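**Q** Here is how the chains run, residue by residue.
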Amino acid sequence: MTTAESLAHLPALAAAAEPAQLLPAREQMAFTLGFHIILVPFGIALTTLMLIAHHRGLRKGDAEALLLARRWSKAAAVLFAVGAITGTVLSFELGILWPRLMRDYGSAFGFPFAIEGLFFFLEAIFVSLYIYGWGRMRPWAHFWTGVPVCLAGIGGTASVVAANAWMNQPGGITVEHGKVVAVRPAEVFFNGAFWLEFWHMFLAAYIVAGFVVAGVYAVGMLRGRRDRYHRVGFLTGFVTAACALPLQILVGDTIARQVFDDEPAKFASIELLPVTGSHVPETLGGALVDGKVRYGIKVPDMASLLAGFKPSTTIRGLEAVPADVRPDDAQANIVHWAFDVMVGTSFLMLAVVLWFGWLWWRRRSQLTAGRWFLRVASVCGLVAVVCLESGWVVTEVGRQPWIVVGHLLTRDAVATKGDLWPFFGAVLLIYLVVGAAALWVLRSMTRRWRQQGDEAVSVPYGPERFAGTSTGKAS
Amino acid sequence: MADLVAVFLFVGVIAYCVLGGADFGAGFWDLIAGGAGRGREPRRLIDDSLGPVWEANHTWLIYCLVMLWSGFPTAFAAMTSTLYLPLGIAALGIVLRGAGFAFRKASIRTPEQRVYGAVFALSSVLTPYCFGSVAGALASGRVPTHGNGNAVTSWLNPTSALGGVLAVLACAYLAAAYLTVAARQQADPHLLRYFRDRAVAAGAVTGVVSIAGVFLLRADAPRLFHQLSHRALPLALLAALCGLLGLALLRAERTRGLRATAAAAVALIVSGWGVSQYPYMLGTHLSLQDAASPDATLWVLVGVACAAGVVILPSLVLLFRVMDRAEAAEPAAPETP
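The listed protein sequences correspond, in order, to chains Y and A. Quick note on numbering: the first sequence equals residues 1 to 475 in the working numbering. Quick note on numbering: the second sequence equals residues 1001 to 1337 in the working numbering.
Warning: the hint list may mix true and false statements.
[What the hints assert, rightly or not] Per the computed footprint, the stretches of chain A lying under chain Y, defined by three or more beta-carbons under 8 Å from a beta-carbon of chain Y, are: (1) 1031-1042; (2) 1062-1070; (3) 1078-1089; (4) 1290-1297; (5) 1301-1314.
[Stated by the list, open to error] Stretches of chain Y that chain A covers, calculated by requiring three or more beta carbons in the stretch to come under 8 Å of a beta carbon on chain A: (6) 90-97; (7) 111-124; (8) 169-182; (9) 413-427.
If you are wondering where the hints come from, they were derived from the structure by calculation, not from laboratory data. Every value quoted in this text rests on a predicted model; they were computed, and no experiment measured them. Backbone N, C-alpha and C fix where the C-beta goes; we use that ideal spot for every residue, glycine too.
Turn these sequences into a full structure, and let the hints guide you.
**A** Written as structure tokens, this is what we have:
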């Protein structure tokens, strides 16, 4: 099938009676969330990396670690600004694209965002203080202004994940005549999917941020800048991500079993399983065509083994899902492929981590000497982002056609008036420009660091004169 | 219960107006500051004053949104399904504004700075206009309870236009007043006079438009006019008084208390709107009580608001004080090369 043909089939994704606004609304939500989610790891984990370096710098009088912390804080400031504004747009979109979700379930789905708002507020304030505090506050007092940034990032993630997990496994509400009449906040927030989803996202953040940071310094070393500064930068990022990765694979495996128990439709899509049965093979790749699994590599009994630890485990297929809310072939294929990409990239990264471990064990002093290792390490960041995005596709597309499982269909939640295409077009254009500009700004920041030293770069938080005076002193 | 949450929500609205509003206003002055040479000094002061606080100021918007959609989901959905045009434009404006400002600070070449700066400044005017017109739509009862109201006339109407223009003007006035104080702190007599003149002009125009607006409201939103001239009359009079006091302070080049006076004037006008609207969320057809979430959710929101009071307010005070102190400690900083 050519791309044009497959695009022509896209509108048929959901059921036949599909509202006109559904496609643009879903595409826009997917695009803006997909954009925002890349920035999230930096808000959560880059700030932690920065504090790790800062702590080392202060404790051991390590000037290079201190310089790294300072520069990371400036990069984090730019990324935090972009994350903040794209997050704001998301909150408008919840209302503009999905008014019925907010009207009918805002009382339950909405309040975790109120808690998130609190954490975000705290983060914004202390980011300003921390960035501004370089050279202006006493060293340890300044270090401590960074700690709330880190903690608030974790709290904020937990809150947003709580809202998302609630859509997958809604709990804590009493519905009468389609109206939420009672809310039990603790059950809403700590719903069935919450804890595992939270740890999954939390670890993902450290993996993405760690590998991206390591990648930046790996490229620097490949270009011949093999000083201690680059080594410390690389190791701080890489080791953090390397510690998080095995944990992540364990958590992921546990989540898969939880999805098997609690979200059978999603699990059937993940395993590409049309018919209920035992001794289910694990299909790698492949596709559902007219309700039948075609192509792909089948590992006998593997899916049953992974889901229930014995080959006789019965897994419910797509046929077990009522016909009117059953994911169609295209959707199941997307979920299945996204899952395969997520798992595949995770094990790729694990292989790189093992390689690193072997290098560490063999010849600690020349750890980062090998060009091939650096080449591979430099793309790990990109691979981690791909992994993050595909994991997110699994959970979001896997939930369709529901927006709140069992309660509200996505096609019933969407806006009914106006035309969302122009809005989507404008958002697409602006985001691409903002994304490109952010990358350009970061690039020119690093270039200036190399050419003129640290103080020539100012960031969106500190006042201009801060940079000015420091330059005056330095020159 | 619903009333309490509404009060907390409205405190957020007021905070956003007096803090976020000043940021928008600074963008307005940035826009009309002239070419790269002439506008250099005012723009530098704007960058200096905005840099440390703009992100925190705009977090108030998030606070308002989450309080609104969790506490009063019906009203939120009605607003977004009717006013999706101004809200969509405002959302895009916020992206462009934040990005433009952040990138301008992080880039050093003049052509780049000019592009980012223009984006920042233009969207700083567009966004408050849209928010003002949304307020006008709510106040004049143009948002039906079940949403999906007229997408065009709901925000392109006399009351919304008044709301939009007043929002832009009030932002400009606030910003000019704050920047006058900032110029005094930096001991820059030229900039002091520059922003003082602009604050006087913006304040005077805001006053004239407000008075003209009273007549407009009488024709277009009679209930709002009635409540403003009865229940909210003390607030309106106090606002006028603060406005006059602010102008007097500006004329005398007295900066002590200027920021508070300017902020109070705007806060009083906004509270006047809130008091006139009470006990309704939308026009006179959806009351706070009917729009409210179940009690448990409202309790969570009260908790969030109290936590904000305990944690956020001291942090904000700390932020503003550290910024002020550091500025006071370094009065004669050299120019940026």
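**Q** Now look at each hint and say whether the structure bears it out.
**A** Going down the list of hints, with the structure as the test:
1. Remark: the stretch 1031-1042 of chain A is not confirmed as covered by chain Y, as 0 of its residues place a Cβ nearer than 8 Å to a Cβ of that chain, below the required three.
2. With 7 residues carrying a beta carbon less than 8 Å from a beta carbon of chain Y, the stretch 1062-1070 of chain A meets the three-residue requirement, and the given coverage holds.
3. A count of 8 residues in the stretch 1078-1089 of chain A with a Cβ less than 8 Å from any Cβ of chain Y is obtained; the coverage claim is therefore met, three being the minimum.
4. Proximity of the stretch 1290-1297 of chain A to chain Y, defined as three or more residues with a beta carbon under 8 Å from a beta carbon of that chain, is established by the 4 residues found.
5. Here's how the stretch 1301-1314 of chain A fares: 6 of its residues keep a CB closer than 8 Å to some CB of chain Y, so the rule of at least three is met and the hint holds.
6. Check result for the stretch 90-97 of chain Y against chain A: holds, 6 residues qualifying (beta carbon to beta carbon below 8 Å, three or more required).
7. With 11 residues having a Cβ less than 8 Å from any Cβ of chain A, the stretch 111-124 of chain Y passes the three-residue criterion, so the hint holds.
8. With 3 residues bearing a CB less than 8 Å from a CB of chain A, the stretch 169-182 of chain Y meets the requirement of three and the coverage assertion stands.
9. Coverage of a stretch by a chain is defined here by at least three residues with a beta carbon nearer than 8 Å to that chain's beta carbons; for the stretch 413-427 of chain Y and chain A the count is 7, and the condition holds.
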